[in-house]
Amino acid sequence: MRFEEFKKDTEIKATLRRKEYSIAKVSEVPPLSDKVFAVVTDGSEITLIAELDHGFEVIEEEKPFRIISFDTKLPFDLIGFLAYITKLLADQNISLFAISSFSTDHILMKEAYLDRAVEVLKDAQVKIEVK
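Heads up, the sequence shown is in this note's numbering, so the first residue is -15 and it goes up one at a time.
In case anyone wonders, no lab produced these hints; they're calculated from the structure. Just so you know, not all the hints are guaranteed correct.
In silico SDA-like pairs for lysine to any residue, Cα to Cα no more than 20 Å straight-line [what the hints assert, rightly or not]:
#, residue 1, residue 2
1, Lys71, Gln109
2, Lys(-9), Ser84
3, Lys115, Ser11
4, Lys3, Gly64
5, Lys106, Gly64
6, Lys9, Val24
7, Lys(-3), Val114
Kindly generate the complete structure, drawing on both the sequences and the hints.
Shown next as structure tokens:
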């Protein structure tokens, strides 16, 4: 299903997380805790996304980031959702880091871009709640 069809009948909801996060390259998979948002292993590196005070040893780190999670359940056959969101933000020169989970997508961005990104998404009828 194309995103244009999906959005006709579906309200897109998102959550802006209050906490700040870091994106770090680590040498080993850290133990999961409530400070860890995600761990990505791709065979060549391990990436940790965690709260700023995560306490893990890192090789390289970028921070701080805020996370917007899209709460609308996205079907696996949906085409173009992330392309739509990233184009909205790219058109406004907003840099982001995207990650997907089983049924939704998350975008991370530096604080400097956050207010503008929220404004752009709200203008596109995305309902954003802060938690």
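We went through each hint and held it up to the structure:
A hinted pair counts as satisfied when its Cα atoms are at most 20 Å apart, and lysine 71 with glutamine 109 qualifies at roughly 15 Å. Straight-line distance between C-alpha atoms of lysine -9 and serine 84 comes to about 19 Å, which keeps the hinted pair within the 20 Å bound. Only pairs whose Cα atoms come within 20 Å are accepted, and lysine 115 paired with serine 11 is rejected, the gap being roughly 31 Å. With a C-alpha separation of about 28 Å, the suggested pairing of lysine 3 with glycine 64 is violated against the 20 Å cut-off.
Taking the CA atoms of lysine 106 and glycine 64, the gap is near 18 Å; set against the 20 Å cutoff, the hint holds. In summary, the hint linking lysine 9 to valine 24 is supported, as the alpha carbons are separated by about 10 Å, within the 20 Å threshold. At most 20 Å may separate the alpha-carbon atoms for a hinted pair to count; lysine -3 and valine 114 meet this at roughly 11 Å.
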